[in-house]
Amino acid sequence: MHLSDRVTGGFLVLLGVLAFWGGSRLPAVPGQDVGPAVFPMVVGAGLALCGALIAFGVGHSFEDEEVEPIEAHAGLARWLGDRRILAAFVPPALLLFYMLVSETLGFLPTAFVLVLVAALALGASLRLSVGMAVCAPPFVHLVFYKLLRVPLPAGILPAPW
Amino acid sequence: MTEMLEAFRLVAAPDVLIAIMASAVYGLVVGSLPGLSATMATALLVPVTFYLSPIAAVATIITASAMAIFSGDIPGALMRIPGTPASAAYTDESYAMTRKGQAELALGAGLWFSAIGGIVGTLSLVLMAPLLAEMALSFSTFEYFWLAFLGLMCATLVARSSPIKAIASMLLGLLFACVGMENPGGVPRFTFGIADLLGGIEVIPALVGVFAVSEVMRAMTTPEPPPLPRRRFGSILAGQWGLTKKYQWPMWRGNIIGIIIGVLPGAGADMAAWVSYAMSKRFSKEPEKFGTGHPEGLVEAGASNNASLASGWVPALLFGIPGDTITAIAIGVLYMKGLNPGPTLFTERASSMYALYIIFVLANIIMIPLGIIMIRVASLVLRAPRAAVMPVIVLLCAVGAFATGNNLFSVLLVGMFGIVGFVMERNGYPVAAMVLGIVMGTMVEQSFVTSLIKSDGDVLPFFERPVSSVLAAMAIAALLWPAGVWVARRLRPAEAAR
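Chains R and L are the protein sequences, given in the same order. Under full-length UniProt numbering, the residue at position 98 of the first sequence is numbered 98, and the numbers go up by one with no gaps. Under full-length UniProt numbering, the residue at position 46 of the second sequence is numbered 46, and the numbers go up by one with no gaps.
These are computed hints drawn from the structure, not numbers from a lab. C-beta: ideal position from N, C-alpha, C; glycine also. Do not rely on the hints blindly, as some may be mistaken.
[What the hints assert, rightly or not] Examples of chain R residues lying across from chain L (beta carbon under 8 Å, computed):
#, residue
1, Leu26
2, Pro36
3, Val38
4, Tyr98
5, Met132
[Claimed, not checked] If you want a taste of the chain L side facing chain R, the calculated C-beta under 7 Å gives, among others:
#, residue
6, Met181
7, Gly185
8, Met217
9, Gly428
I would like the entire structure built from these sequences, with the hints used as guidance.
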């Protein structure tokens with residue numbers, strides 16, 4: 001996911017222009033010159049300016065160069081090889097999964113899958129992964145449901161407490 | 001006096017004491033794990049504080065952050081991996097001491113001078129806050145605007161990256177803060193018809209996403225750090241008194257620099273540690289020993305980062321402007337608990353403020369015994385495989401985000417901010433600046449728009465009042481500072497060539 005400064009700078013210019021345009025279309029407060037439009041327009045203009053400067057490489061001399069670690073990768077990152085950056089998207093995907101199914105499936109089964117997949121992706125052994133996936137969710141459930149009274153969904157497998 | 005007694009009563013409540021102990025252990029453990037920063041520890045605690053009494057909630061934040069900043073020194077000294085960014089400044093030094101066989105001295109110095117720094121920082125908070133509160137009562141929206149702007153600019157200076165990228169990150173944060181209906185017109189802004197966005201982007205999911213999820217994402221793509229060799233420690237505190245006497249002057253300098261940097265809105269423990277370490281080397285009688293396992297810089301920077309932690313609460317409590325990312329979280333908790341930051345907090349809720357001071361002192365005192373235990377069990381804790389810790393963090397992110405509003409949309413938001421944080425970090429955009437932008441966005445906009453309405457769209461009144469002109473000068477200096485550095489760098493080689 002290492003993008004060139006031209007790409008990120010260009011994206012910021014686009015975002016800034018969109019924010020400026022979007023802001024300028026907001027309805028004004030009757031009888032006032034200054035309303036909800038001003039701030040997004042100022043921010044958008046600033047963002048577009050910064051984006052342009054970044055795209056032209058201004059300020060690049062202040063940055064440190066990133067060093068690629070030399071140790072061996074594990075888990076999904078090793079399996080993916082040069083495309084290991086994709087492994088980074090496992091956690092957000094798991095959160096999306098949690099959002100979509102936790103209501104119907106219930107907290108405990110959802111959390112089981114979540115922990116299991118994350119542990120395996122990080123290169124844990126099957127025994128450790130299953131162990132974590134079995135032990136951690138009930139503990140988290142106990143703390144949040146019992147102690148903090150967060151209404152975690154019961155779903156198909158309600159907790160015994 | 002009655003308020004002081006009331007404050008002691010507040011702190012002595014069983015739930016507060018339990019909260020302090022539990023969050024102390026939590027902060028020590030999370031802070032010591034490499035890759036899990038003090039900010040992340042604090043961000044993951046916020047959903048828990050929802051369900052605590054106000055004083056207990058603030059106590060958990062104070063205690064956990066102080067402990068985590070100290071225990072970040074542990075993997076730094078033992079494995080040369082800073083546990084938190086605030087320890088990064090002197091990690092090489094303390095690791096060099098460990099290699100010389102002085103691990104106890106290095107870790108002990110981290111603990112002892114952290115505690116001293118924390119207590120001195122608290123004293124500065126006690127002394128400074130009421131004085132500044134008097135002054136703050138006369139502040140108008142112009143001063144608030146410049147103060148907030150100064151905070152945002154400082155946050156971009158702290159980032160050790162391209163200043164333009166830092167400013168861009170900050171603006172991005174401000175743009176995120178624009179989402180929702182809480183704007184001068186009360187109209188839905190940038191909500192794209194999504195009902196969940198009408199209330200704006202909540203700070204907590206953003207924090208958890210940027211600091212916790214993106215950390216797990218990074219762990220997914222980087223190799224696991226090497227395991228820590230098992231070792232036994234001698235006495236941790238032996239020799240610390242000697243160091244205190246020998247390096248008394250650097251210690252005080254570290255405390256004072258830490259306090260000053262902490263009070264500056266936007267600059268926190270990380271910057272305090274870097275500045276103090278550099279200063280220690282600059283003014284030392286034996287600068288050639290730095291980097292070879294010399295405790296002097298450790299003393300100064302270790303005191304400094306903890307001192308800044310306490311004084312960072314000064315702008316947070318008085319103006320609602322965070323001193324760093326940890327106080328940014330704390331401000332959210334204060335609002336949530338009805339302790340809205342502002343100068344009147346010190347007159348109307350004096351007992352709560354005293355309670356806060358007591359908690360600070362208490363946290364820094366229990367840090368010493370708990371810290372010694374933590375150092376002794378560190379080799380056990382640090383052996384926990386990353387593949388076992390990180391999945392639980394993901395689960396806590398999901399549950400924590402859900403708990404903030406019993407709303408599954410927050411879980412999605414956490415994941416999105418994880419991606420944003422990860423991509424930004426990879427490309428040199430400092431995420432802390434963005435977070436401060438999100439936290440301060442509403443306040444900046446409010447003070448900016450109100451000021452503009454007052455001045456009829458004119459910019460001149462922003463500079464007319466004495467305090468606001470001083471603050472404006474500081475903020476603009478902070479904005480132009482990187483350009484000055486760049487010019488100076490350009491000129492120097494030219495002179496050398498001559």
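Checked hints:
1. Leu26: Check passed: Cβ of Leu26/R comes within 6 Å of chain L, closer than 8 Å.
2. Pro36: Because about 4 Å separates Pro36/R from the closest Cβ in chain L, which is inside the 8 Å limit, the hint holds.
3. Val38: At 6 Å from the nearest chain L Cβ, Val38/R passes the 8 Å test, so the hint holds.
4. Tyr98: 5 Å, holds
5. Met132: Result: holds, 5 Å to nearest chain L Cβ.
6. Met181: With a closest approach of 9 Å, the Met181/L hint is violated.
7. Gly185: 4 Å, holds
8. Met217: 4 Å, holds
9. Gly428: Interface hint status for Gly428/L: holds (5 Å vs cutoff 7 Å).
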